[in-house]
Amino acid sequence: MSTFTYTVKNLIVVSSQQSFIRNSLISNIDFTSVHIYPDLWFHEQVFEDYMKFVSKWMLSHIEDGDKVLNKPVVFSEFGLSDINFTMSERKTMYKTILDISYKSAKKNRSGGGCMVWQFLVGGMQEFSDDFGIIPWEKTSIPSLFIEQSCRLAKVKEWPHKDKSFKQFRKKCGNKIP
1 MSTFTYTVKN
11 LIVVSSQQSF
21 IRNSLISNID
31 FTSVHIYPDL
41 WFHEQVFEDY
51 MKFVSKWMLS
61 HIEDGDKVLN
71 KPVVFSEFGL
81 SDINFTMSER
91 KTMYKTILDI
101 SYKSAKKNRS
111 GGGCMVWQFL
121 VGGMQEFSDD
131 FGIIPWEKTS
141 IPSLFIEQSC
151 RLAKVKEWPH
161 KDKSFKQFRK
171 KCGNKIP
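Everything in the sequence shown is counted per full-length UniProt numbering, starting at 1 for the first residue and increasing by one.
Please note: incorrect hints may appear among the correct ones.
[As the list claims (entries may be wrong)] Computed list of lysine to aspartate or glutamate pairs in EDC-like fashion (alpha-carbon distance at most 20 angstroms, straight line):
(1) LYS91 / GLU48
(2) LYS103 / GLU157
(3) LYS91 / ASP129
(4) LYS107 / ASP66
(5) LYS107 / GLU63
(6) LYS52 / ASP99
(7) LYS95 / ASP82
(8) LYS103 / ASP66
(9) LYS91 / ASP49
[Said to hold, decoys possible] Restraint-style ranges between C-beta atoms, simulated for each label pair:
(10) ASN84 / LYS156: 31 to 41 angstroms
(11) SER19 / THR139: 35 to 45 angstroms
(12) PHE127 / LYS67: 39 to 49 angstroms
By construction, these hints were calculated from the structure, which means they are not laboratory data. All values derive from a computational prediction rather than experimental measurement. Beta carbons are placed, not taken as given, at the ideal position from N, Cα and C, and that holds for glycine.
Please build the complete structure, drawing on both the sequences and the hints.
In structure tokens, the structure reads:
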């Protein structure tokens, strides 16, 4: 079991992830779920510190999924608030999370799944918390998630197994044979 240590403004945060491990070892649970909201957990940090934390947080949970739990780890909610961060910073965090998840999937490790919180359709802004995004209003955001879908499809060879992927293959361009 990995021990997670991170320094935040002279405070040392140590988590042995005991409850994560204990709760996830239940035999009726098929996969684990992890959230990533660094700006809610640590206040007044520089953006680079958030990114270091996110990487360590994910990698420690992937290691536990691989070595202790033998179960998939789904990063089932993640985000940065639009109040405290620019869209560019949010995009950087999303890309970091998607890249770590992709690398895990590519190596057939446990951390190959993630879901952003939260995509909204136009006109739903009033129902959003500080983490909502209307993807097509932020032109760089949809491409991140389309690319991730294409990369994962290629890793799992889905287009070769199901011929109904024609439309998906078009979106992916030359990223999928």
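Okay, the hints, checked on the actual structure:
The hinted pair formed by LYS91 and GLU48 meets the criterion: a straight-line CA distance of about 13 angstroms does not exceed 20 angstroms. Our distance criterion of 20 angstroms between C-alpha atoms is met by LYS103 and GLU157, whose separation comes to about 15 angstroms. For the proposed pair LYS91 and ASP129, the alpha carbon gap of about 17 angstroms is at most 20 angstroms, so the pair holds. Of the supplied pair hints, the one linking LYS107 and ASP66 holds, its CA atoms being roughly 11 angstroms apart against a limit of 20 angstroms.
Proposed proximity of LYS107 and GLU63 is supported: the alpha carbons are some 12 angstroms apart, at most 20 angstroms. Annotation: proposed proximity of LYS52 to ASP99 holds, straight-line Cα distance about 14 angstroms (limit 20 angstroms). For the hint pairing LYS95 with ASP82, the CA-to-CA distance comes to about 16 angstroms; that is within 20 angstroms, so the pair holds. With a C-alpha separation of about 14 angstroms, the suggested pair LYS103 and ASP66 falls inside the 20 angstroms cut-off, and the hint holds.
With a C-alpha separation of about 16 angstroms, the suggested pairing of LYS91 with ASP49 holds against the 20 angstroms cut-off. For the pair ASN84 and LYS156, the supplied restraint of 31 to 41 angstroms holds, since their beta-carbon distance comes to about 36 angstroms. A C-beta distance of roughly 40 angstroms is found between SER19 and THR139, which places it inside the suggested range of 35 to 45 angstroms. In this structure the supplied range 39 to 49 angstroms holds for PHE127 paired with LYS67, their Cβ-Cβ distance being about 40 angstroms.
Checked against the numbered hints given earlier, this structure breaks none of them.
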